[in-house]
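S.K.: Residue-level listing of the chains:
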Amino acid sequence: MIKFYLNGKFCEVDARHSTLMLSDYLRYEKCLTGTKVVCAEGDCGACTVLRYSPMLQGLESENFQAVNSCIMPMAAMHGMHLITIEGLEKDQKMHQAQEKMMSCHGSQCGFCTPGFVMALAGLSEEKINRNEKAIDPKEAKNALTGNLCRCTGYDTIVKAACTMDLSREESLKARYHNEEIEKHLSEILSKDLKIEESDYQLFAPTSYKSAIEYLQNNLDAKIIANATDLGVVHNKRRIKLNNLLSLHLIKEAYEITYKEGIVNVGARVTLSEFRHFLKDKCVEYVHYLDIFAAPQIKNNATLIGNVATASPIGDNAPILLALDASVIIQGPKGERVEKLSDFFLDYRKTTLKNDELISAISFEIPKERTLKFFKNSIRKDLDISTINLGLNVKISNDKIEDILIGAGGIAAIPLKLRKTEDFLRGKKLEPSVIKQACDLAQTEYTPISDVRSTSSYRRVVFENVFTRALGAMS
Amino acid sequence: MSKWPNTTAKAHDSAHNHVTGKSEYVDDRIIMKNELFCDVILSPYGHAKIKKIDFSKALKEKNIIAGFTGDDFHHNYWGTIFQDQPVLASELTQYAGEPVAVLVGTNLVDVQYAKSLVEVEYERLEPILSIDEAIKKKSFIGDRRFIKKGDFDKEIKNCEHTLSGEVRIQGADHFYLESQATIVYPLEDGQFEVHSSSQHPTETQHVVAHALGVPDKDVVCIVKRMGGGFGGKESQAAPFAAIAALCAQKLNQPVRIALTKDDDMMATGKRNPFQNKYQVGFDKDGRIKALRVELYSDAGAYADLSTAIMERAMLHCDNAYCIDNMLIEGQVCKTNHHSHTAFRGFGGPKGVATIEKIMEEVAHSLGVDPLDIRMKNLYLDEKGRDTTHYGQVFKNNCLPALFTKLRQSSLYDKKRKEIAEFNKNNDQYIKGMSLTAVKFGISFTTRFLNQANALAIIHQDGTLQVATGATEMGQGVNSRIAEMVASEMGLDRDLIRMMPTRTDKNANTSPTAASSGTDLNGAAALLAIRKIKYRLSQLANLLFEIPEEKWAKNTAGLGSAPELNVEYMPHENDPNAGTEWPTGKANYFDIEFEDGFVINIKTKKKIAFKDLVIEAYLNRISLSDYAYYKIPGIEFNKLTGKGDAFLYFTQGCALSAVTINRDTGELKVDSTDILMDLGRTVNRDLDLGQVSGAFIQGMGWVTSENLFYNKEGLLLSHAPSTYKIPNIQDIPREYNIELLENDENYMNVRGTKAVGEPPLLLALSVWCAVQNAMTYTNSYKNKYPQIKIPATNEEILRALNLEKFQQWDQA
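Here the protein sequences come in this chain order: A and B. With the working numbering applied, the first sequence covers 1 to 474. With the working numbering applied, the second sequence covers 1 to 811.
One chain only, chain A, in its complex shape (with noise of 0.2 Å):
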């Protein structure tokens, strides 16, 4: 069975469920269809819910934080604590969040409304916490870049958030979870979830040891995290997910470690868990970041699944490919590490054997070096790249001494720029040089042309930003 909190009750589900996804369960299961679902894909927002997760621990606190439902597979749920829109009034008294959504105009058709107010919500948890009382149009549009409306244009859904007065509200978490819900759902945490259908199979072990056992002898099991990437599969009917091996009761899997420069980022640690970790530590990334995804996928998705999807733009892959970051990974041998730049193989195929799984990245978080990380995308926010690039460059006495060149949505792969690399090595950066590492580059990859550009239009804005980063740090 497959357990959980709604609401503040306690729920059980039964194994042939375990493949729906949540927002699916909540509307035609349990009939709360206060959560909408539009683009069964996570990237409108409508399917908006809030999760607390025990294990998660690289947050400044423990919150309900928003996700999308529509991309969570029941059997994930397992161990969480879920609230719903129909869970957010309390004494048939409305949340600040729905109060000023509905006196600032912020809903029209209605349809996307549930989303907004749950993001919201989430917004306010956080902000409770650190015990603010308001929020400001910055925060409240970083909060919704997740969320799509196509009536309101928006400005009321911001005006909205801004007159909130959280001094009004009490955390949903001191309302809905308590010492005893935790207690029950860390005993549920901790023990193997196994569930055995006739057509789909789901493992859930608590140590990596068991995964790979798992593994192998379930050589076509596919391995999720949180299933932000599968979960879109899975709606767009493009395969059955028949048999899932997830990590998500492995506690060491949550862990960021930090030493010695070196940091080591767990196979199940968020994007946003990540995000919060670099805040201090790499401003660059950190950048970058605020313009990867919705919050809602930041909240679920991992480093890791990113890196393993294998995705030819990533978009943290070519990132990490400056970082010279290495993955690790485990398999019926043990363990193995092996360089970021030598993993990708070629579209969507790494050296990851069918028994192994990745446990988690490293890289040194790079100090006197000049970072440059740059994402283009058709939209700003809430979009895939058209093309990315990070460049880590050393430069001592005017002339380079280290570069190293990532780029994304620009090849089968994420490519790590060589020649270019080994061309500008030791050379001062000049004009002349620039143009002719340019050229130089534009040699070492073949775009495709796409729904989201041109090959062309992928050169040229490389070309046009590869030189203008350059001719800065000259």
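If you are wondering where the hints come from, they were derived from the structure by calculation, not from laboratory data. Heads up, the beta-carbon is just placed ideally off N, CA and C, and yes, glycines get one too. Each hint should be verified, as a subset may be incorrect.
In the DSSO-like style, the derived pairs of lysine-lysine whose C-alpha atoms are separated by at most 27 Å in a straight line are [unchecked claim]:
1) Lys380/A with Lys788/B
2) Lys60/B with Lys240/A
3) Lys419/A with Lys435/A
4) Lys30/A with Lys224/B
5) Lys380/A with Lys804/B
6) Lys804/B with Lys372/A
7) Lys711/B with Lys236/A
8) Lys57/B with Lys236/A
9) Lys22/B with Lys93/A
10) Lys138/A with Lys668/B
11) Lys435/A with Lys424/B
Only part of the chain A face toward chain B is listed, based on derived beta-carbon distances under 7 Å [said to hold, decoys possible]:
12) Val38
13) His105
14) Val465
Since the structure of chain A is already known, use the hints to place chain B on it.
M.R.: Chain B alone, transformed into the frame defined by chain A:
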């Protein structure tokens, strides 16, 4: 606020349900025990013969019940203007993404997986996928249409300056959040109850009845609300309702269809793409003397509303500007794209885009500020400058006031200087700005659509129900109608319940479209409630004449006092007849309805509305009424292109300033200042919401929303991951919206003006600002940039780096 007595700022009448998740949409209806789910199979080819459809493999899957094709319908063809479109393509598919079959099962996920097992055999034919190709092959829908004023051919020869060019305009997806959805419940005697997300319940009813071969009397279509429509559910909700209805009829079980966003985007039509060629002549001062525009639109595979959309585009080629010699030609092209349809603004934005670009280009060629050219060419309230190219005299012209006010309030001249200065000193960013206008004709250009009816009911406790043909899609039409009825009756809005739109209460209705929902249905609702008000006013006077112990509430059971009788109101079609101005309220027999009381203004005697209602019931005076409204004076002759096409015009203007990143083509809208004339608003805040939302929606169309097709014409950007509508971070950094005070729109109910579509056209200020920014670069000192709609990052970067792009395009 004395000048604006009717304006309220009440929240949308469903807002409290929206924010708590209690609002019910079609797919939120609780699933019945025996309910089935259906989903459509889409053609991957733009043009192909369908040789065979085989469900046998799919039917072997668990929970799959049945599959049907177009041949299973009683009638398989539908269409609003021409009945040329199959509900399910059989024999021939004419666009990629066209539904060719439907699969039914007990579980939606299983149905969606099993769809790929339905085997369809096609014989591919060559598709037509562009306007150019359609013109070459003379693949047209309808005849070429003309609107003429003066003598273009003669005048163009006399012009000192001439320019010619082309505007290329792509389509856009509606991206209503709620995809097409319908549930059909079969009832006894072969009746069907259809719950649909439709802007046009009457057409949905008719299409379902026709497709199933049942009489209209046996189909009721009900629309509670839509999760957005924007024109996309005006005609195109109907075929999906018919598909679900077919399954319900065949299997005699309730059937639900709720398209995925991907299927919805692939299968349904978009805003029509246009290619408009123009030739313009003007004098050295920039006064435009002659204009010829040849408009070509891409209808997609079927006619849908495309001919009407073309007509509106042609009617809007003048926009705010009076040009003496005009020759406007329009031809709708048939291609193998999804069948394009209504989208907020209809054809208007495509005509207006053309003339606004011309204004910029003329200014650039003369080296003057585009705003000066615009103001020089404005319609004026004087003879010779007040008549449109279709011969309608433009009344209540607010344009000169709008331009003058916005120029000041937006600090136009200061911003212009700052931008010029900025552009001198920056090699990475470039800025531009533009002030564009809208003059949007309000009325359906098809005369018979300008009719509406309403049913008003007062219950014995003094609360009201009002039902009209208007459908609620977020715009707040129900709130506005309720507020008008409430103020007419001196009641609080909460005492009025707007009922779901049902074809058994309000039949033969028009779609909620053309921004006309409140105009038409609000007028009908007021006319209906006034009939009751007329009777209640008389009754009040009668009651005031007799002692209360003789009132019916004390005597009716006894039959001891004579029954009171009143006259019924004669037919009235004008919602402003006999009304006070500017309140727009009609009072009869010296009686006023105010704050829940009914008062004789002479004697000051009063009775509570609630008590009066009971007396009316006990005296057998009807507390319900029905009214019918038709917009007067619409006389547009489609054959001659002349006549009064519109009741009035909603007007506005906007200034947008943008910054372009020259490295990437990325665009940021720094500021937008909008000034709209909406007459006297019913609910100011709801109207502001329409302005803001329409503008941002238009901004998406002219900037980031890029429809990308494969070689068969199948849409590949069919989800928000690839189709980018504006996000909360994209709204102008500074965003100001103001309304002009105008209580002189006597033509329309209560002096209001329609708001739904017009502000969308102001987003062209962003598109023009992009072009304006380009003119500050060296490349465009002496020629004008050719930027299509949308001005995507790539479109912009390409224009800034023509040679670089050429080099790589050829590589």
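S.K.: Each of the hints needs a verdict: does it hold here or not?
M.R.: Do the hints match the structure? See the list:
1. Lys380/A with Lys788/B: At roughly 20 Å apart (the allowed maximum being 27 Å), Lys788/B and Lys380/A satisfy the hint.
2. Lys60/B with Lys240/A: Status holds; Cα separation ~17 Å.
3. Lys419/A with Lys435/A: holds, 14 Å
4. Lys30/A with Lys224/B: holds, 22 Å
5. Lys380/A with Lys804/B: holds, 24 Å
6. Lys804/B with Lys372/A: Holds, at roughly 24 Å.
7. Lys711/B with Lys236/A: This hinted pair holds, its Cα atoms lying about 22 Å apart.
8. Lys57/B with Lys236/A: holds, 20 Å
9. Lys22/B with Lys93/A: Roughly 14 Å separates the two Cα atoms, so the pair holds.
10. Lys138/A with Lys668/B: With Cα atoms ~16 Å apart, Lys138/A and Lys668/B stay inside 27 Å; holds.
11. Lys435/A with Lys424/B: holds, 25 Å
12. Val38: holds, 5 Å
13. His105: Given a least distance of 5 Å, the restraint on His105/A holds.
14. Val465: holds, 5 Å
Against the hints set out earlier in the document, no violation occurs for any number.
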